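J.: For the sequence shown, our numbering gives the first residue as 358, with consecutive numbering after it.
All clues stand as given, with none of them false.
Simulated DEER-style distance windows between Cβ atoms:
#	residue 1	residue 2	range
1	414	393	18 to 24 angstroms
2	413	364	31 to 37 angstroms
3	364	402	27 to 33 angstroms
4	463	417	29 to 35 angstroms
5	414	365	30 to 36 angstroms
6	441	413	25 to 31 angstroms
7	358	401	45 to 51 angstroms
8	376	430	21 to 27 angstroms
9	454	423	39 to 45 angstroms
10	455	417	49 to 55 angstroms
11	457	423	46 to 52 angstroms
Just so you know, the hints here were simulated from the structure itself, not pulled from any lab data.
Since the structure is predicted, the reported quantities are computational estimates derived from the model, not experimental observations.
Where a beta carbon is used, it is the ideal one built from N, C-alpha and C, also for glycine.
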Amino acid sequence: MQRPLVLFDLDNTLVDRRGTLAGWAAEFSAQHGLEDEDQANVLDMVTERAYPSTFEAIRTRYRLPLSTAELWHTYCTDIAALVSCQAGVLDGLDELRAAGWRVGVATSGRHPARQATGHRYLPARRRRLRL
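Using the sequences and the accompanying hints, generate a full structural model.
T.: This is how it looks when you write it as structure tokens:
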């Protein structure tokens with residue numbers, strides 16, 4: 358008999374993506390001397406999906422001295438550092454496994470920030486989908 362399988366979405370299910378992005382936008386805006394309205398615009402620009410081209414647009418719009426590559430790299434690093442699981446999430450995953458469930462985590466693509474997030478919050482034993 359096969360063990361049951363459960364899949365969870367990473368963003369806004371296992372981790373608080375919205376809160377993380379808002380926190381990142383606040384820090385980014387403070388570091389670059391942007392106003393509250395600018396912070397809201399930056400948050401809007403990264404909310405759906407962020408790509409290096411997003412940071413080219415941000416760099417150009419706000420005349421930032423850093424390169425697009427530097428902004429992108431910093432974003433990916435900062436997002437991974439800021440993301441957090443809600444209380445009990447990882448313990449809950451462990452409880453499901455202990456009860457015989459196979460647990461998988463789904464996310465959209467191989468985005469560097471998502472990979473860093475998964476590696477930070479889902480240790481190797483939790484990153485594999487065991488079928």
